[in-house]
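Build out the structure end to end from the sequences listed, making use of the hints.
In the order they appear, the protein sequences are chains W and P. All residue numbers for the first sequence refer to the working numbering, where the first residue is 1 and numbers rise by one. All residue numbers for the second sequence refer to the working numbering, where the first residue is 1 and numbers rise by one.
Taking lysine-lysine and the BS3-like style, the derived pairs with C-alpha atoms no more than 25 Å apart in a straight line are:
id: 1; chain 1: W; residue 1: Lys547; chain 2: W; residue 2: Lys507
id: 2; chain 1: W; residue 1: Lys276; chain 2: W; residue 2: Lys123
id: 3; chain 1: W; residue 1: Lys334; chain 2: P; residue 2: Lys393
id: 4; chain 1: W; residue 1: Lys507; chain 2: P; residue 2: Lys183
id: 5; chain 1: W; residue 1: Lys394; chain 2: W; residue 2: Lys280
id: 6; chain 1: W; residue 1: Lys550; chain 2: P; residue 2: Lys183
id: 7; chain 1: W; residue 1: Lys217; chain 2: W; residue 2: Lys92
id: 8; chain 1: P; residue 1: Lys393; chain 2: W; residue 2: Lys234
id: 9; chain 1: W; residue 1: Lys777; chain 2: W; residue 2: Lys673
id: 10; chain 1: W; residue 1: Lys507; chain 2: W; residue 2: Lys462
id: 11; chain 1: W; residue 1: Lys545; chain 2: W; residue 2: Lys460
id: 12; chain 1: W; residue 1: Lys110; chain 2: W; residue 2: Lys170
No lab work stands behind these hints, which were simulated from the structure alone.
Each chain, written out:
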Amino acid sequence: MGYLNAGRTLAQVNSSRGLGLLTGAADLGSFDIRAYTPGTTQLPAGWEVMNDPYGGQIMFKDHAGEIEDVVFRNTYTKDHYVNASGGNEKGKYFASFNAFDEDGVIVGSKYKRYTGDINGSYKVKPAVEVTGGVTLSTSSQIGVIGSEVNSMYRSLAIWPTFNPWLDEAKTRPNPGNGINDGNPLYWLGRVERSNEINKVVVNGSVKWDLLPGLYFKASGNAYLFDRLDQSFQKSTQLYTNIFATPQTINSSTRDAINTRRRDFQTQFNGILNYNKTLAKHGISAMVGAETFMTKSLNAQVYGQNAPTDEIVTINASTVFPATTPNLNPLGTNKANYSELSAFRMNSVLSRFAYDFDQRYLFTAVLRADGVSSLPQGHQWGYFPGISAGWNLHKEAFMSGSVLGKYVSTLKPRVSYGVNGNIAGLGRYDVQGVYSSPTNYDGVGGFLHEKLPNANLRWEKSKTIDLGLDLGLFGDKLTFLFDYYDRRTSDLLTDLTLPSYIGYPPLKTNLGTLQNRGYEMAVNARVLNTKGGFSLNLGANASYVKNKVLKLPFNGNANNRQGGLQVFDPASGQVIWVGGIQEGQSLGDIYGFRQLSIFRDAEEIARIAGNRTDAIANITGPNLPAGTGGRITPGDVNWEDVNGDNIIDSRDQVYLGSTIPKWTGGFNANASYKGISLYTRFEFALGHTIYNDLVARTMGNYQGTFNYIDLMKQSWSPENPNTDVPKVYFADQVLGSKQNYTRANNANIVLNSNNSRFYEKGDYLALREITLSYTLPKTLTSKTKLLTNTRVYATGSNLFYISRFSGPSPEAPIDGNNNVTGIYAGAYPLPRTFVFGLDVSF
Amino acid sequence: MIKNYKRLLGICLLILTALSSCKNSLELTPVSNLSDDSYWKTPDQYDAFVSGVHSRLRSHSGNFMFLGELRADIYGNDPGTTASFTGEASQGLERMWQHSLTLDIPGVSNYGGFYTNINQLNLLIGKLTTTDIVTEANKKYYLGIAYGMRAFYYFQLYRSWGKTVLQTDFIDAGNLDLFNLAKGATPAADVLKFVREDVERSLASFGTDYSIKRNKAYWSKAASLMLKAEVYLWTANRTGGTADATVAKSALTEIRTNVAGLGLVTASSNPQLSPFADVFSTKGNREMIMVARNQLNEAEMTFIPGSFTPQAGLIANFYDSLANRKFNVVSENYGGLLRAPVRIATYRKFSAQDTRRDASIQAAYSLQGNGSYKIEGTFLKKYQGQQDAGLRKYTNDYPIYRYADLLLLLAEAKVILGESPAAEINEVRARAFGSAYNAQVQGFPNQPGDSDARNAILRERLYEFVGEGKRWYDLRRMGDSFVFANTSLPATESYKLLWPVDRATLTNNRALTQTEGYPQF
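Shown next as structure tokens:
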């Protein structure tokens, strides 16, 4: 249909994979679509006939959804946990073992883990206690093959005529045209992958009571993280190879990869702690020092061109390339490498707390941290904090008053603190980096890869918090309220440099960001009857608003970085929006507003006779035709904000924010004797999500893939009243009107798309519901063996109440947990049911 | 009690010693990379850096090609179609040959990324001029490379954007005022002047060393002389006239006289290939003056499958009429995405006897019911790469300058000087037609259209250099009227001879202004 709309010829359509009437053996074997001549053609069972938009009839078998059924699956999780603990006044011990095994919702992904834990402490002398512990864990996590986005977009939008099986019995999967364009079971069968993550944590400490109230504690711990990934790609075929006579191979590169990462962290600290109560004065003080070191090894061996599929290790490889087109886990193109790096942080800590009669509370803390990844002279950061509280309910005038009968807790609090952050900073970035580009004519080279920044400092955030704790009726009803104002200065940010500098973005301390918000919580013990019935209710909510306060001077208005220009009807001026600007929020979305879909030519003449759509290069009927043709029925009636009859980038409007304003949840816990029911809901309000997956599918960016059901609602002469634009083959190309991607040329971009595909992400989710039953003690004690037995059933992520059309309305995030605002298809949050049995001996 | 205080004192001392030892422990230096403190200490680091700038030059090959020919008349969807004959969408590339580039779809953004190498070259020049650890001979040769390559980049920027920021010193991070980075563009005329100066600096640095290193893959004096000829012909066709043409001619003659072993490839080392096709398959052949080297397990011309060759499964639906066979997924395993197909009209401009046609372009046919073939489309074939483990690896070198280029530039200089270009043109034609060559028929000035020598040279260069990033620049060099006559760009939109600057580039440098004629930012 999109092809017809875009004016492609029948011959072109017929030469297209999946929807054309191709006659090659491979196409006949893989795609169930044929010409149909009424009366003469025999219709095979399960096939359907439809009218060809180009005339005549075709018959086809609808395989839509078969790949989806293969890709997504219902899975089981197994989780076993055993622990033992015990001790006397001299020593204590704790040991546990946990096994966890889960198959991912997308075929091919899985997670497995075993953890063992032993901890103990012993008093060697009355004043000296020694503690030690070891945790061992081994796990294995295997992700989807291909990319998650492609698993979602390409696998699900695959040609509906594509038969995922080569045989009737559905035992031999058809590879299709590639890893995301075929039956994933074939591709899973051609790759051998393993992953192993081993973690060892060892810790020990000595606590030495020096004087009454004064003790010294020294502790050290070591953490070893060891990850090994192995994969072997067997030779592969495409559908075209399978149906060739004789069969051929598509690729026998047989990539064999062995990637290893090892981190060894050590941490030592010593603290001196003093507690003293003198009459009504309570004093507690602590000083200490700490040093933290981590050393990392990253290594990879990458072999290719093994002569056989049978050896899965690199032994059989014949070629060891220096570089590969794909980025390795370190973000470079090196195929074979080993790399060492280290990071160290030294800290001095102190804390002083004072209270008078438990009524007036005061605490001051100061810590200093020095890190190796900052330049000399800027390595140390100093982070003080103070807080004060007043337990009003302990005052005589309160407890004695009428109010005191109802108010059980009343505590106003105030605090101020400074925190530091260096997250995202490479270990040696500030020293400048010379690294190797790909070899040239067999010779290795070096280039100056990153500029040093000798002035980089700690990012600091200063937080003021005003709070109030309130408890009523013996704390049966409690309220918690906080207002905070966090100003983060010297933000560690990648500053994009002007082109002429010719270097990648430089880490700088850039500007000040403010986050202000409220947090509140209510908890109520509603019922607690003697009959054994209890009911607890709780709710919490938080509101956050961010604003950029200060940016480095760069000559732009508001010292803006990035952003775009739109017409502001209020002032009649073109203004800068988006990007990062002083006085504005982060996460604002701008795009083209779809007012309606043009029903017919009459409506175009009436509304858009003199309109030029400068994005699609199309024009109304009163103007000469643009390079992209004319505005035709089914195209979008864009909002012409400045009324100049030209739709261009200035005609974009604010469409929302990527960041939720309100988040929170509520829970209820009801129990009667051994039976209890726990439910927890969560909500988020105020964020907008760009549904790229839907726009991408409807815009047919790829060119030959399937549509979704929404296609049936798109504009057509028979369906002129709709809000879904007419579909064209490859929406982004000239002549296809850019009704979906607009100026973004089919790229995944937050701003500047069609407003129709920005959706409100507001949701209410049922996160957890648990029903459990604990056997009465009287019963368990009779066994002389069991001390506690509990059976339970838990359901997680059962549903969302949301208007968002994708599977998850939660604000989409990228790998660094930054909110992107774009739903492009992501690994779905699985709906899980757990049936469990806890037994204690 | 005293014992307790002793203990306390001991602990305090312990903490103090621990703290003092921490002070220096924060100074960690990288192990697996080099930092600013550890580079430029040994001669081999200079050698490695020279290899590095060539590696980066190679990574710009795709942009050299895009800037040099995508807006010309070679590529495009054939009339009445919106996609390649194989069904692949052009994904915005069509805006280049349709001349509808904007600041949001600029065709080539961020000045092609060229400044990422210009500043490496600035750094290399800065370090070479102050060092004494590199031998005098190497120092001069490397300076010759650096000045020449920098001029080559600025000449690309000059021809594509006109005015541009002229950055001639390396970026000194210590003195970089991060909050005043905006820098305006230098007027086009001054950029050109700088290119000429850099070329002279390069030639002076090379001195009498005409050697071409690394099997034609390193920049050399010959490359700088080729660049000089291009630069002076550009102005000779405008206001420079015969004076500049004389300079160009002598630069080209200097190469012929001094560089041994250069010439056209007239005999193929591979019996399957015509001599012309062999030029692109044999590395370092006598015709090459400067190439960006690609090789197996090192680097490939990823931009070729990225836009110029089809998917194997799609091309397998078509036929090769010359070989009378259907394409198949094994021998036609192009593994590409055909976003920029060659226009059938371009293919038809070639004579069927011209070996360059089928070495440069592959035609695809459909088989009609009556057994006849119908042409459906054509695509670039010049870079065939090699087969490796079932996959096609695009390991051809990307030619930057070669001897045929020298001959045709020389012909162009001679035309301006009023001399006969016949010898140079005919040397190229004789190789192209091979045994079918008949001077009376194909020789200059006997072909139709040869009466106009400039157009004859332009046409010859089209046949010769499809896929080598020359055509658009050739039309531009000859003069604006040649662009309007040969491409779909009308004279009324002459501002589009230059490219628009993309939005991000303008935003990140507020002192820049959009190319004149395009909507101002």
